[in-house]
Amino acid sequence: MISEGENIKVSVRNLSMIFGDRPREALRHLEEGLTKDEIFEGTGQIVGVYNASFDVAEGEIFVLMGLSGSGKSTLLRCINRLFEPSAGEVAIDGENVLEMTPQRLREVRRTKLGMVFQNFALLPHRTIIENVAYGLEVRGVPKGERLAKAAEVLRLVGLEGHEESFPPQLSGGMQQRVGLARGLASDPDILLMDEAFSALDPLIRREMQDELLDLQDKVNKTIIFVSHDLDEALHIGDRIALMKDGAIIQIGTGEEILTSPADEYVAKFVAGVNMAKVLTAEGVMKRADPVIFADSTPEAALKRMRKRKKSFAFVTSRKEEFLGIIREEEARGAAEIGERIEDVLVLDAPAVSPETPVTELISLVAGSPHPLPVVNDHKILVGMINHVALLDALTPGVAENGVA
Amino acid sequence: MALPRIPLGDGVEIAVDWVESHFGGLLDLLSSVLGALVGGLKDLLLFLPPLAMALVIALFVWKVSRRKLKLAAGTLISLLLIESMQLWSLSMETLALVISSTLVALVIGIPVGILCSRSDGANSMITPILDLMQTMPSFVYLIPAVIFFGLGNVPGIIATVVFAMPPTIRLTNLGIRQVPRDLVEVAEAFGSTPRQKLLKVQLPLAMPTIMAGVNQCIMLSLSMVVIAAMIGARGLGYQVLVGIQRVDIGTGFEAGLAIVIIAMVLDRITRSLTRG
Numbered sequence: 001m002i003s004e005g006e007n008i009k010v011s012v013r014n015l016s017m018i019f020g021d022r023p024r025e026a027l028r029h030l031e032e033g034l035t036k037d038e039i040f041e042g043t044g045q046i047v048g049v050y051n052a053s054f055d056v057a058e059g060e061i062f063v064l065m066g067l068s069g070s071g072k073s074t075l076l077r078c079i080n081r082l083f084e085p086s087a088g089e090v091a092i093d094g095e096n097v098l099e100m101t102p103q104r105l106r107e108v109r110r111t112k113l114g115m116v117f118q119n120f121a122l123l124p125h126r127t128i129i130e131n132v133a134y135g136l137e138v139r140g141v142p143k144g145e146r147l148a149k150a151a152e153v154l155r156l157v158g159l160e161g162h163e164e165s166f167p168p169q170l171s172g173g174m175q176q177r178v179g180l181a182r183g184l185a186s187d188p189d190i191l192l193m194d195e196a197f198s199a200l201d202p203l204i205r206r207e208m209q210d211e212l213l214d215l216q217d218k219v220n221k222t223i224i225f226v227s228h229d230l231d232e233a234l235h236i237g238d239r240i241a242l243m244k245d246g247a248i249i250q251i252g253t254g255e256e257i258l259t260s261p262a263d264e265y266v267a268k269f270v271a272g273v274n275m276a277k278v279l280t281a282e283g284v285m286k287r288a289d290p291v292i293f294a295d296s297t298p299e300a301a302l303k304r305m306r307k308r309k310k311s312f313a314f315v316t317s318r319k320e321e322f323l324g325i326i327r328e329e330e331a332r333g334a335a336e337i338g339e340r341i342e343d344v345l346v347l348d349a350p351a352v353s354p355e356t357p358v359t360e361l362i363s364l365v366a367g368s369p370h371p372l373p374v375v376n377d378h379k380i381l382v383g384m385i386n387h388v389a390l391l392d393a394l395t396p397g398v399a400e401n402g403v404a
Numbered sequence: 001m002a003l004p005r006i007p008l009g010d011g012v013e014i015a016v017d018w019v020e021s022h023f024g025g026l027l028d029l030l031s032s033v034l035g036a037l038v039g040g041l042k043d044l045l046l047f048l049p050p051l052a053m054a055l056v057i058a059l060f061v062w063k064v065s066r067r068k069l070k071l072a073a074g075t076l077i078s079l080l081l082i083e084s085m086q087l088w089s090l091s092m093e094t095l096a097l098v099i100s101s102t103l104v105a106l107v108i109g110i111p112v113g114i115l116c117s118r119s120d121g122a123n124s125m126i127t128p129i130l131d132l133m134q135t136m137p138s139f140v141y142l143i144p145a146v147i148f149f150g151l152g153n154v155p156g157i158i159a160t161v162v163f164a165m166p167p168t169i170r171l172t173n174l175g176i177r178q179v180p181r182d183l184v185e186v187a188e189a190f191g192s193t194p195r196q197k198l199l200k201v202q203l204p205l206a207m208p209t210i211m212a213g214v215n216q217c218i219m220l221s222l223s224m225v226v227i228a229a230m231i232g233a234r235g236l237g238y239q240v241l242v243g244i245q246r247v248d249i250g251t252g253f254e255a256g257l258a259i260v261i262i263a264m265v266l267d268r269i270t271r272s273l274t275r276g
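Chains as they are written, first to last, in full-length UniProt numbering: chain A, 1 to 404; chain B, 1 to 276.
Worth flagging that the hints you see were computed from the coordinates, not collected in a lab. Keep in mind that the hints are not guaranteed to be accurate.
[Said to hold, decoys possible] Once the Cα atoms are required to be at most 30 Å apart in a straight line, the calculated DSS-like pairs of lysine-lysine come out as:
1. A:Lys143 with B:Lys200
2. B:Lys63 with B:Lys200
3. A:Lys307 with A:Lys218
4. A:Lys218 with A:Lys149
5. A:Lys379 with A:Lys286
6. A:Lys309 with A:Lys319
7. A:Lys379 with A:Lys307
8. A:Lys149 with B:Lys63
9. A:Lys244 with A:Lys218
10. A:Lys310 with A:Lys286
11. B:Lys68 with A:Lys143
12. A:Lys149 with B:Lys200
[As the list claims (entries may be wrong)] Computed Cβ-Cβ distance ranges for the label pairs, DEER-style:
13. B:Thr193 with A:Asp295: 44 to 50 Å
14. B:Leu115 with A:Glu38: 36 to 42 Å
15. A:Thr359 with B:Asp182: 40 to 46 Å
16. B:Arg181 with A:Ser317: 42 to 48 Å
17. B:Thr135 with A:Arg28: 44 to 50 Å
18. A:Arg28 with B:Leu115: 52 to 58 Å
19. A:Glu32 with B:Ile108: 39 to 45 Å
Remember, predicted model here, so these are calculated numbers, not experimental data. Backbone N, C-alpha and C fix where the C-beta goes; we use that ideal spot for every residue, glycine too.
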C-alpha cells in the first residue's frame with residue numbers, strides 16, 4: 001500500500017468495534033459471515049467497524065469515506081480511543097494505543113493527536129483564544145505562553161483580531177477555522193478531522209479545503225479526514241478508504257478509485273456523485289470577487305479593483321442582487337467627470353444559473369473578457385466562473401475517463 | 001385471609017435508637033455546628049438597623065439584576081412593608097434558616113449530583129432515595145429530626161435539608177448529562193484528566209441547570225422552614241403557627257405575606273445570578 005522508505009505514522013490492523021454488551025458474540029457471528037443487519041436483529045449488538053486495516057504515512061492526507069452509518073467516524077474515534085475498540089490493533093509511531101495506561105494515553109492525546117469536529121464543538125463559555133489554547137491549558141503550559149501560541153495559530157488560520165470574541169459571534173466558516181486552530185495549537189503530528197467541513201456552505205467548504213491544503217504545505221501534518229463527500233475526498237485526499245457497513249472495501253488514490261472501482265458499490269458511488277454535483281456551475285464556481293455595491297462611488301470601485309489586481313468588478317444591490325459589471329476604463333472615466341456607478345454599468349453582462357452544465361460554460365468563459373457571474377433564481381449573485389474554476393472541475397473528470 | 005403484619009415501623013424505631021446510642025457525639029457536634037451557623041447568620045442579618053439592611057438588600061438586587069431599577073425599588077418597598085408589620089426580626093431569622101439549610105443542601109447535593117452523573121450505578125441507587133425524600137409527607141421527617149436533635153432550629157434545618165436537597169441533586173446530574181457529547185469528546189480528545197473535564201467543560205456548561213436547582217432548593221427550603229415551626233424552629237413559621245392556634249387570621253396573613261416577600265426576593269436574586 002505504501003511505498004518503501006516512507007515512515008508509517010498510524011497503523012490500524014483488523015480493527016473491529018461493536019456497540020453493545022456482548023461484543024465477542026457479535027464478532028463470532030461476523031466471522032461466520034452474518035451481515036450487520038442480521039447481527040443486530042439476532043443479538044441487538046451494533047457493528048460499528050469490522051476488520052479495518054490501513055496504514056497512514058507521515059505527511060499524508062488519508063480520507064475515510066462512506067455514507068452516514070458506514071462506520072467512518074467510529075473508526076476515527078478508535079484511533080484516539082474516544083471509542084474503545086472491541087478487537088484489533090492501533091499503533092501510533094509503532095506504539096500500541098490500546099495497551100496504553102490512562103496516563104500515557106492522555107500524554108499521547110496532548111502531544112501527538114489533534115482533533116477537529118463536525119459541528120465545530122467550540123466551548124461556548126470560552127473566548128476564541130481560550131478555546132484554541134484548551135489543549136495547552138490541560139497540558140499545564142503557563143498562561144502567557146499558551147495564549148501567545150494560540151494567537152500565533154489564530155494568525156495562521158487568518159483569524160487575528162477575533163481573539164476575544166465568543167464562538168456564537170463568528171460565522172460557521174470562522175468557527176471551523178477556530179476548531180482547526182485548536183487542533184493545531186499543541187503542534188500534534190497527527191490531525192483527526194471528523195467531517196470537519198460538512199456543516200459549511202458549499203462555497204465556504206471549497207475554500208476551507210483549499211486552505212487546508214495550503215496549510216498542509218506549511219505544517220506538514222499526518223491528517224486522517226472523515227468525509228461523506230466524494231468531491232471533497234478527491235480534492236484533498238492523497239489516498240481514500242471507502243467504507244460500507246463498517247468495513248473498508250477499497251483503499252487507493254482518487255484516480256485508482258475512479259478508474260478501477262473494486263466492486264459495483266464503489267462504481268455506483270463514484271458515478272452518482274460526479275454527475276450530479278461536479279459538473280454544474282454551482283459545483284465549480286468560486287466566490288465572486290471583487291464585488292461592490294451600486295451605491296458606492298467609482299473611486300471606491302477603482303480602489304477595490306486595484307487592490308484585487310482585477311480590471312472589472314461585479315456590481316450588486318445592498319441585497320446582493322446582481323446588477324451588472326463595471327470595467328476599469330469606464331470607472332475611471334466616471335470618476336473624472338463625476339458620474340455615478342449606475343451610469344457606466346454594463347447591464348447586459350451574460351450571467352449563468354447555478355444549474356448550467358460545465359460543458360456549456362466552457363465556450364461562454366472562453367468568449368468573455370471577465371469571469372461569468374453565477375446568479376440564482378432570486379437574482380442573487382452566488383459566485384463566479386473563471387478559467388481556474390473550470391480547470392479545477394475538469395481534473396477529476398479527466399481522471400474518470402482514464403486519460404490522466 | 002389477613003396477611004401477616006410486617007413490623008416496618010418497629011424496624012425504623014430500632015434503627016433510630018441504634019443511631020442515637022452509637023452516634024450521639026457526632027449528632028451533638030452536628031447540632032452545635034448548625035446552631036452556630038444559624039445564630040451567626042441571624043446576628044449578621046440583624047447587625048444593621050432594619051431600614052439600612054433593607055437598603056443593602058435592595059442595592060444587592062439592583063446590582064445582580066444588572067441595574068433593574070424597578071426590581072430594586074419593588075424589593076425595597078416590600079422589605080419596608082415587612083418592617084412596618086413589625087416582623088423584621090422574625091423574617092431575618094427565617095432568612096437565616098433558609099440560607100443555612102440551602103448551604104447544607106448544596107454542599108451535600110452538588111457533589112452527590114456529580115457522582116450520579118458519572119456513574120449509572122450510583123444514579124440508579126440514589127434516584128429511588130430521592131423519590132422517597134420528595135414524596136414522603138414532609139411531617140414525617142420531623143419525627144426523627146426531633147429524636148436526634150431535640151426541639152429548635154437545628155432539627156428544623158435537618159428536616160428542611162432532607163426535603164429541599166433532591167432538586168439540587170437531580171438538576172446537577174441532569175445538567176452534566178446534558179452537556180453535548182461532542183464537547184465532552186473535545187475535553188477527552190485533547191487529553192483532559194477527569195477532573196479537568198469536570199471543572200473546565202462539564203460544570204461550566206451545566207451551570208444554568210445547576211442554578212435552576214439552587215433556585216428550587218431555596219424555594220423548597222422556605223416552604224419547609226415554615227412547617228418546621230411545628231418542632232420549634234423560630235421565625236415567621238412560628239408566627240403562622242400562632243395564628244393557626246389562636247384562629248387569628250390577621251397574624252397568620254401578615255406572617256404569610258412576609259414569607260411570600262422573602263420568597264420573591266430570593267427568587268429574583270437567584271434568577272439574576274443564573275442569567276449572569
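Each hint, compared with the structure:
no.: 1; hint: A:Lys143 with B:Lys200; result: holds (15 Å)
no.: 2; hint: B:Lys63 with B:Lys200; result: holds (27 Å)
no.: 3; hint: A:Lys307 with A:Lys218; result: holds (25 Å)
no.: 4; hint: A:Lys218 with A:Lys149; result: holds (16 Å)
no.: 5; hint: A:Lys379 with A:Lys286; result: holds (17 Å)
no.: 6; hint: A:Lys309 with A:Lys319; result: holds (25 Å)
no.: 7; hint: A:Lys379 with A:Lys307; result: holds (27 Å)
no.: 8; hint: A:Lys149 with B:Lys63; result: violated (37 Å)
no.: 9; hint: A:Lys244 with A:Lys218; result: violated (34 Å)
no.: 10; hint: A:Lys310 with A:Lys286; result: holds (15 Å)
no.: 11; hint: B:Lys68 with A:Lys143; result: violated (36 Å)
no.: 12; hint: A:Lys149 with B:Lys200; result: holds (20 Å)
no.: 13; hint: B:Thr193 with A:Asp295: 44 to 50 Å; result: violated (57 Å)
no.: 14; hint: B:Leu115 with A:Glu38: 36 to 42 Å; result: holds (40 Å)
no.: 15; hint: A:Thr359 with B:Asp182: 40 to 46 Å; result: holds (42 Å)
no.: 16; hint: B:Arg181 with A:Ser317: 42 to 48 Å; result: holds (43 Å)
no.: 17; hint: B:Thr135 with A:Arg28: 44 to 50 Å; result: holds (47 Å)
no.: 18; hint: A:Arg28 with B:Leu115: 52 to 58 Å; result: violated (37 Å)
no.: 19; hint: A:Glu32 with B:Ile108: 39 to 45 Å; result: violated (53 Å)
Of the numbered hints stated above, those contradicted by the structure are hints 8, 9, 11, 13, 18, 19, listed in ascending order.
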